[in-house]
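Chemist: Sequence:
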Amino acid sequence: MKELQYLNKYFVKYKYSFLLGIVTTIAAQIFSLFTPKLISKSFKSIEDFAKQGHVDPSFIQKELLHNILLIIATTIIAGFLTFLMRQTLIVMSRHIEFDLKNEVFRQYENLSQRFYKQNRTGDLMNRISEDVGKVRMYVGPAVMYTINTFIRFAIVIVYMYNVSPRLTLYTILPLPVLSYAIFKLSSQINKRSTIFQQYLSKISSFTQEIFSGIRVIKAYSLENQHQENLINLSMESKAKSMSLAKVQSLFGPLMLALIGVSNLVVIYFGGMMYINGSIKSIGTIAEFILYVNMLTWPVASLGWVSSMVQEAEASQKRINEFLKIQPDIQNMHIEKSIIKGAIEFKNVSFTYDDTHIKALQNVSFTINKGETLAILGKTGAGKSSILSLISRLYDVTNGEILIDGTEISQVNLYDLRNSIGIVPQDAFLFSDTIKNNIKFGKENATDDEVITAAKKAVVHENIINFNLQYETILGERGITLSGGQKQRVSIARAIIKDAPILLLDDCLSAVDTETEEAILNNLLAICKDKTTIIVSHRVSSAKNADKIIILEEGKIIEQGSHNQLINEKGYYAALYLKQLSEKELT
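Residue numbering for the sequence shown follows the numbering used here, starting at 1 and increasing by one per position.
In case anyone wonders, no lab produced these hints; they're calculated from the structure.
Treat the hints with caution; some may be incorrect.
Distance ranges between label pairs, derived from CB positions [as the list claims (entries may be wrong)]:
hint: 1; residue 1: Ser129; residue 2: Asn8; range: 18 to 26 angstroms
hint: 2; residue 1: Phe428; residue 2: Asn521; range: 21 to 29 angstroms
hint: 3; residue 1: Ser482; residue 2: Met242; range: 41 to 49 angstroms
hint: 4; residue 1: Ile325; residue 2: Thr366; range: 33 to 41 angstroms
Simulated pairs of lysine to any residue, SDA-like, Cα-Cα distance not exceeding 20 angstroms [to be verified]:
hint: 5; residue 1: Lys340; residue 2: Pro500
hint: 6; residue 1: Lys44; residue 2: Gly271
hint: 7; residue 1: Lys44; residue 2: Gln61
hint: 8; residue 1: Lys324; residue 2: Glu3
hint: 9; residue 1: Lys184; residue 2: Lys246
hint: 10; residue 1: Lys455; residue 2: Lys497
hint: 11; residue 1: Lys324; residue 2: Tyr10
hint: 12; residue 1: Lys101; residue 2: Gly133
hint: 13; residue 1: Lys9; residue 2: Lys324
hint: 14; residue 1: Lys555; residue 2: Gly399
hint: 15; residue 1: Lys547; residue 2: Asn521
hint: 16; residue 1: Lys101; residue 2: Ile90
hint: 17; residue 1: Lys346; residue 2: Glu553
hint: 18; residue 1: Lys37; residue 2: Tyr274
hint: 19; residue 1: Lys547; residue 2: Glu568
hint: 20; residue 1: Lys13; residue 2: Asp99
hint: 21; residue 1: Lys280; residue 2: Ile46
hint: 22; residue 1: Lys117; residue 2: Ile128
hint: 23; residue 1: Lys324; residue 2: Arg106
hint: 24; residue 1: Lys117; residue 2: Ser391
hint: 25; residue 1: Lys455; residue 2: Leu524
Note that the coordinates shown come from a computational prediction; the quantities given were computed from them, not determined experimentally.
Ideal Cβ placement from N, Cα and C applies to all residues, glycine included.
Turn these sequences into a full structure, and let the hints steer you where they fit.
Modeler: Below is the structure:
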């Protein structure tokens with residue numbers, strides 16, 4: 001139960017619903033206990049009539065009818081109160097489920113890039129869906145039936161004791177056996193439930209990767225191989241599920257057997273006590289049998305509740321593993337920051353924690369507000385790492401980054417990121433309309449602003465050729481569009497944001513040179529007052545920048561303007577001549 005203590009704050013939050021549920025439960029149990037009393041009273045009246053033959057039969061009939069009507073009335077009231085109990089406690093559990101899912105999602109949003117490199121998407125999805133669902137069963141049905149069971153036990157045992165302490169003792173004799181059986185089975189359920197949830201995560205991760213990479217799988221004709229892999233994984237999961245189900249299936253028969261034994265105990269010992277005169281009426285035995293049967297569902301539900309609690313604890317443990325992780329990137333400055341756009345790197349070195357790759361080594365440069373910096377270099381030179389550090393997706397290992405003269409960790413994190421428009425190397429689009437994907441950069445943008453941004457990104461003509469134009473729904477990750485179209489929609493998203501800092505991470509690699517030239521000309525006009533960093537492999541994307549740096553193995557090997565670097569006749573000049581000759585040949 002240690003892991004489930006995390007949920008106590010939600011019980012405190014919804015304490016009034018929780019207390020109201022307890023009150024209605026107590027009231028429902030009190031009204032439900034009128035029935036055994038009334039039946040016992042009816043039996044006693046019949047016995048008295050049998051012993052005293054001179055009693056008027058109509059009087060007995062009226063009393064029995066009166067008792068029947070009372071039984072019906074109290075049963076209806078008990079049923080209505082039980083309905084209120086379920087409405088209160090189950091609805092409370094849905095609110096807690098809503099809050100917990102949002103808390104997990106917010107934690108996912110706050111966690112760093114390293115976390116997502118180390119964890120698979122399917123596992124993350126399983127924890128926020130399957131695991132939270134298991135926890136909901138604990139805070140809802142499990143809590144409700146536990147409260148119901150303890151209150152019913154307390155009230156019924158008191159009623160039974162008042163009628164016959166000795167017969168009550170005989171009736172509850174099987175309960176210690178029940179408690180021991182629940183303890184042993186619960187430990188097994190907890191263990192097997194944890195393993196089963198892990199396999200569910202494996203299946204979710206596997207299928208998510210298959211669906212995301214279905215085009216590659218089809219292209220290489222690997223459908224049968226992956227289907228076989230899924231079957232093997234499913235069979236392993238099925239074996240774990242069956243192992244869990246076998247243990248859970250023992251609860252029902254065990255509970256019913258113990259209740260049956262309790263009924264036999266009541267009949268035998270109650271009958272013997274009636275014979276020797278310890279019990280004055282057969283109605284008492286009938287009353288006790290009804291009490292025992294009233295305990296049938298609560299006792300039987302103990303197994304189900306115990307199973308739910310054990311599964312919830314296993315699930316909450318998996319959730320807590322993520323909730324307890326502290327994000328690598330913390331917002332150290334809560335006061336609002338005004339970002340103008342000046343950026344300075346001072347001897348910045350950066351090493352990825354997960355791979356220990358040294359991405360940058362003693363990198364220094366300065367970009368003034370409104371200037372454009374182009375970064376060129378071979379694959380793996382550290383170009384994208386610079387953009388990640390500016391966005392503060394990672395923190396530097398050594399050195400410092402200044403934003404408008406302030407160390408980047410002392411700038412409000414959310415103001416910093418809100419001041420950056422970024423076009424990533426791998427353009428990611430959501431399964432939504434093209435218009436909403438562009439408006440992602442500015443949610444309150446008008447249709448005219450969307451169209452203007454699309455025109456500047458040279459994608460408007462492509463969009464209007466679709467049947468639904470800007471209302472076209474894109475497939476997952478924008479699969480409906482070509483690579484170049486995805487990049488240009490992503491550029492339009494950054495343009496419409498109109499942020500003071502614009503980061504372009506090799507975002508023109510999938511477009512032809514003519515389209516690239518048109519986009520760059522539009523960006524020149526847009527970026528006059530913006531600090532812009534362009535990462536590219538093409539000199540054509542970099543030649544108009546105010547400053548150009550060349551990276552190699554995380555170090556700056558050349559730095560200057562286009563003309564300066566051409567005159568130096570180094571790496572940049574050689575790359576320029578090579579790409580110029582390739583362009584002439586085409």
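Chemist: Sort out which numbered hints this structure fails and list those numbers smallest first.
Modeler: Hints that this structure does not satisfy do not exist here, as all of them hold.
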